[in-house]
Structures are given as C-alpha cells and as structure tokens.
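Undergrad: Model the full assembly from the supplied sequences, consistent with the hints where possible.
If you're matching positions, the sequence shown starts at 1 in full-length UniProt numbering and goes up one per residue.
Careful, some of the hints might be misleading.
To be verified - No farther apart than 25 Å at their CA atoms in a straight line, the calculated lysine-lysine pairs in the DSS-like style are these:
1) Lys93 <-> Lys134
2) Lys108 <-> Lys31
3) Lys93 <-> Lys29
4) Lys134 <-> Lys124
5) Lys124 <-> Lys93
6) Lys108 <-> Lys93
7) Lys22 <-> Lys124
8) Lys42 <-> Lys31
9) Lys124 <-> Lys31
10) Lys124 <-> Lys231
11) Lys57 <-> Lys93
12) Lys29 <-> Lys108
13) Lys42 <-> Lys57
14) Lys42 <-> Lys29
15) Lys134 <-> Lys173
16) Lys108 <-> Lys134
17) Lys173 <-> Lys108
18) Lys134 <-> Lys22
Because the hints were derived from the structure by calculation, they are not lab data.
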Amino acid sequence: MLLSAGIILALKCSRCSYADIKRTTDEFKDKLGEGAYGTVFKGRFSNDVLVAVKVLKNFKVTGEEFINEVGSMCRIHHVNVTRLIGFSADGNKRALVYEYMLNESLEKFIFATSDQTHSLSWGKLQDIAIGIAKGIDKPVFQGTKCCFYDSKSATRGTMGYIAPEVLSRNFGKVSYRSDVYNFAMLLLEMVGGRKNIDITVESMSLVYFPEWMYNCLDKGEWYPTNLPSMKSVVHMMEGEANSLTVPPNPFGHADGAQIGANIPSRPINRELTVISELE
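TA: Structure follows, in structure tokens:
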C-alpha cells in the first residue's frame, strides 16, 4: 500500500523541501556523525525544536518506496525509540528528520578513554540495556513486527552489528530475530567498554571483540532460528524468565591465576562510580 503525502501528514510527519533541510541545519554546519547510509547534522526547526537530520546517501529505492518506508516509520511510537518527525524527498536528495536526543550517543558514556576515571554503574547500564531491548521489541506497524537490523552505540558503522542473515541468506531467513543478534553486539560493547572492532589494541587477537568472546565461550549462535525472541531477552534481563539454561563453565579446567590473562586492556574503574546524568 502506497501512503499518500496527506496520510503521512496525518501521522504528524512533516514533509520538507531540501531547501528547508539546508535552512534547518544552517547549511549542514553542525555534523553529529556519519554512518553507512548517511550523515547526521544537528538542526533547528522554525518553532525552535532541536532536531537531528540524517542526509541519506547511496539510497537506491524509488521515490514511492521511500515514501512508503517513511510512512511506516511515522507510525512507530515508543518511549524508547527516537521519533521521526519529518522527511525530505526532492528527487535523489533525501533526508530524515528525527527528534534530537540531548544526551547524545550512548558511546559517549560507555567507551572509556585513557583520561577517564568514571563509568556508568552496572545498574544504570542494565537499565539502559533493558530500555533499548523494550524499544526493539515493542514497535509494530499494522500488527506486524518491525525489524530494526542496526542497533548500535553511535550514528555510524553498520558492519559488525548487523546480523549475518541480512548480508547472506546462507545463514537463514531475515526476521525479527535478526534484531536479537545486533542487540547482543551492542551489549558486548556496553559490557566490554570498548568498540567491537578496535584496531588500536596491542594484540591482534583482540581487534574484533566478539571473536575474542566466542573463542573464550564457544557458545555463539550464528543461525537466527537458534536465537531467543526480544521478548525473551527482556524477560531474561529483568529476571522474569522461569528458567535459564546455564552454559557449562569453559574455564572449569583452567588455572584460576590464568583466567582473564588476555582480557582486552581498557581503562576501568572497579568501583564503577556513577556519573551525573544529564537532564
């Protein structure tokens, strides 16, 4: 079903000209980040509402398909999902306008640097993770589950997060379970306090953090049919699951002094002091 511009407006999603986009972003002055599908700029609507404008690139779908996708996105409303409030479709010049999140990207808070001594508490990290999981699990469009495919800690970089079956059908069919995979990749970054791909680490074996984890645990699930649903993930994280299968201890035979000997080096405060949260 093709959604007309009138229906999209009824869904409170404004259509803007590309000239409007340029004015909103002050000629693309304040760049927030860049990803596989476009560059994000900070902007301000005429009513002084701060927005994040994603100017799309390499977007090969037709104009009708783009409008259809926008219509679907406008119907998604959830407290944990950034709301789409506008779009531009002037020929091949296309952009999406989202509400601006004042606290910026999650990576600002989870990736420690050499001069950082503070960190989010484990309790706060769990709250954030549960909120993200609920945001992925709940949104529906006309009774059909939505797939996000690309949950990540920043507005850039898709490879390393996206589920294998999205790239190759040899791994299985794409479904809502594909979101479980990239949510797990995000969790690895939150727990590890580092990017999944980090070429700055001293040991080459630690460049790709998930691979290091798989080598330690040998319990990675590549096939989507073996993954739990996001609803099950939420229940697990909130401690509501009736029973959880506990994997065997992969270090049961190891000398305790050697366990963690090759853990990726990262600045970490063992006390996990809580940083002050932005309002």
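Undergrad: Given the hinted pair Lys173 and Lys108, is their alpha-carbon gap at most 25 Å?
TA: Given pair Lys173, Lys108 is violated - Cα atoms ~34 Å apart, limit 25 Å.
Undergrad: Given the proposed pairing of Lys42 with Lys57, does the C-alpha separation stay at or below 25 Å?
TA: 17 Å, holds
Undergrad: Just to be careful, I want the Cα atoms of Lys108 and Lys31 compared with a cutoff of 25 Å; is the pair within it?
TA: 16 Å, holds
Undergrad: Between Lys42 and Lys31, does the CA-CA distance stay at or below 25 Å?
TA: Given that 25 Å is the threshold and the Cα spacing comes to 6 Å, the pair holds.
Undergrad: Quick one, are Lys124 and Lys31 close enough, alpha carbons at most 25 Å?
TA: At roughly 28 Å apart (the allowed maximum being 25 Å), Lys31 and Lys124 break the hint.
Undergrad: Below or equal to 25 Å on CA atoms is what counts here, so check Lys134 against Lys124.
TA: Roughly 15 Å between the alpha carbons, so the hint for Lys134 and Lys124 holds.
Undergrad: Are the Cα atoms of Lys108 and Lys93 separated by 25 Å or less?
TA: 30 Å, violated
Undergrad: Is Lys57 close enough to Lys93, meaning Cα to Cα at most 25 Å?
TA: Answer holds: Lys57 to Lys93 is near 8 Å, not above 25 Å.
Undergrad: Quickly compare the C-alpha distance for Lys134 and Lys173 to 25 Å and report which way the hint goes.
TA: This hinted pair holds, its Cα atoms lying about 23 Å apart.
Undergrad: Checking one constraint from the list: CA of Lys124 to CA of Lys231, max 25 Å. Satisfied?
TA: 20 Å, holds
Undergrad: Mind checking the alpha carbons of Lys124 and Lys93 for me, to see if they're no more than 25 Å apart?
TA: Answer violated: Lys124 to Lys93 is near 40 Å, above 25 Å.
Undergrad: So if I understand the rule, the pair passes when the alpha-carbon distance is 25 Å or less; does Lys93 with Lys29 pass?
TA: 18 Å, holds
Taken one by one, the earlier hints fail for this structure at numbers 1, 5, 6, 7, 9, 17, 18, listed in ascending order.
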